[in-house]
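Colleague: Join these two chains into a complex; the hints should help.
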Amino acid sequence: MQRILEHPILGPLPEEEKVTIYVDGEPVEARKGEMIAATLMATGKPYFRKTVKRHEPRSIFCGIGRCTDCVMTVNGIPNVRTCVTAVEDGMVIETQMGFGDWGGNDSK
Amino acid sequence: MMERDIVVIGSGPAGLCAAIEAAEAGAKVLLVDENAKPGGQLFKQIHKFFGSREHSAGVRGIDIGTLLLKKAEDLNIEVWLNTEACGIFDQDKVWVVRDKSKSMTIHAKRIILATGANENVVNFPGWTLPGVMGAGAAQTMINIHRVLPGKKILMIGSGNVGVIVSYQLLQAGAEVKAVVEAAPQLGGYGVHTAKVRRAGVPFYTGHTVLEARGTDHVESAVIVQLDASWKPIAGTEFELDVDTICIAAGLTPAVELAFGAGCRSVNSPVLGGLVPWHDQRMCTSIPSIYIAGDVSGVEEASTAMEEGRMAGLSAADSLGYLEESRYKARFEAINHNLLALRSGMFGQKRRDAKEAIMAASKG
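Order-wise, the sequence lines are chains A and B.
Okay, so the first sequence: first residue is 25 according to the working numbering, each after it adds one.
Okay, so the second sequence: first residue is 544 according to the working numbering, each after it adds one.
Note that these hints are calculated values from the structure, not bench results.
There is no bait here: all hints are sound.
With a Cα cut of at most 20 Å, we get these calculated EDC-like pairs of lysine to aspartate or glutamate: (1) B:580 / A:112; (2) B:580 / A:58; (3) A:74 / B:762; (4) B:695 / A:30; (5) A:69 / B:762; (6) B:695 / B:754; (7) B:694 / A:30; (8) A:69 / B:759; (9) A:69 / A:53; (10) B:694 / B:762; (11) B:643 / A:112; (12) A:77 / B:759; (13) A:74 / B:759; (14) B:580 / A:40; (15) B:580 / A:41; (16) B:643 / A:58; (17) A:42 / A:53.
If we strip away everything but chain B, and leave its shape as in the complex, we get (with noise of 0.2 Å):
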């Protein structure tokens, strides 16, 4: 059986910098993903990101990417895209098929998961219409594949995915008709929230979409008002003129490979719903398989890629890779970043539900 040190499934934002990590420590490294190209869900993000310096703050999504491929390629990481690894077994056993025809199992040392997370539906009649789709969807399609999903675009919810879309469906060319918001409140960071409304959208607070209209595709929306208890307030309905519904309502880890190898689960209901528990050298209750990134629990991908350099570090650190002054060294500088992003009105709140999870019983 063929055996790597670190395989680290996944190469979005965590797994790519868990590899770069690993690799730097000198530990043989196998990234795998299923899609044809690596970078997960970076290369659409074309914002610039937050943070302090040292987090790349202010460049955009996109440009990281490039430079973690560049990175990745000058430490001659051994990468198998097309490859889909569809279980975990006797913990240290990754089962993968590459290229849709050729299934194979390889010893892992150690296994960083860094598979992601999916988006969250909102269900309400006629929301499998063609036209109502995820809000990172729509993203997808504007800024990887350059075809707008719709010209009269209505946004569910404003968090900062709903809000970050809505004004890259404006840059793409689109009409953003609404944002609407079931809490009382706006959910996304002021700055990206302020363009949107710079660019004359109407935000509907305390709304929902009551129904998507359309025969074959969305051909309108009814919008209603909500009460205190957050049901729909009759007489408050109306209707919007659009093709496109976006759904901004959240993620969810995609934990199948940890769940299907036995990790310990813990339930977070601010980062997502169930997650591996694991402690903040990023290793699971099983001790050769490590996590990072929306996995174990949704944050930013500045967040997951330090959390990336956590789990790659920790795994390499395990397998005797790093002398101790360098190891924590790292881990201190890690740790003070991750800190950093976990501060202020948005991030305490993940803070205290990152913490919440290590303190959870390991099982």
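In isolation and in its complexed conformation, chain A is listed as follows (with noise of 0.2 Å):
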């Protein structure tokens, strides 16, 4: 959606270093230290995966790593909590589809 630059509590949003990622292939600056969540959400992506059977969309729901809605496939693994996982610089992101592929012949 947006960012919250300024906060009448809160104050101004402190600088920080920008690091950027990669969201189903596209670069994405994202603020060094924070959750992966954070950034897709700034950004406005709509949603982080698609269920299993119905292909349904999911993003995040309690945002404290509790519920497991949020997961993405994160430098190749799957099922990564993208609420309680800070970027990285050239993190891989992408959309997970159903449970994810772990790579090897026992993931189809």
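Modeller: Below, the structure is given as structure tokens:
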């Protein structure tokens, strides 16, 4: 959606180093150390994954690592909770379809 | 095997206070938390707290958190972050996984569980659509991550969480289209509710959400009036133009570790459902396991802090760290604060529920 640049209690958004992550192949600028879900929500990504059977979209629900609704494939590893995983420069994030792909022969 | 006097699980308000109280008594404390930062949900509480001056009333949760962390640091409390507590065995062994890779078991003479609570959901068609989220999740997004989850918000639930987060969403620059409350009356403290009302947000009591509409994200919500038996009244439906629906329908104690360890449970509907049985000292049915905060029954951060102090004090005392006179003085002081927090129109109900848990059979 958008970042909160000014806040009546918390003040202006502090300066932060920028890193680049790749979301479904596209470079996206992120604030160093922030959670992946925060970056994606700031850029307005409508959904983070689609469910196994009915291919329904999902995004964050609890935002604190409990519900696992926001999981995505991060650096090739599926089911990473994006709300409690910090961005790193060069990180590769993929919208996860179903269970995701672990690679290898046993994943199909 | 590594050994510690007391292992505290969870570094929110209850866990931090438990660790501080026990360390002040002289116990060797290890505080573990699965998150990268300590403080639990305290740092998203940017509003001023209630209670008396001893409870830091009038101070914002975020500032209380900073003070507690400073105190823990001054006491040299050992803190392990990015550490998930996965289970408790033989009543005194805590299995943890550090940094998602290192598995180890710690022998803990005493364990204090301060694991908090999880947000409840309300099921309605469309509730799994992106844009439907816990009110606490929205609060985390705006106050911790400084990102708006949406621009046009519908809040379900008018309890304290519902109205406080509504106000904080307004502060963050969102538009709150409505607060919907299924009960016939509003649920939150007047001072928080009034701030949202003054901002012009409509409140609908005796209403609920019937449906969230949208394809890949919430595009609107359908609201309906409820009759005296909480059934939707046909013909009263109307649609609200919102992109986000926040659910503030209470919390459920995070009891997995406690019940996995074999702690006796008691049902307390007022305090969020099944909770571990415990006594005034915050000791569970297993003598080596103590609890504090929302896991022992959902209340507020101020009570969680006092319960944490009580658990820390009791656990340290059971290991012989306190002179009787000092123990008694601290017990009386903490208990006095707890009783003060559980008085009045909202507090008495929680006090009765708490006493019912303690009066229940220990099993």
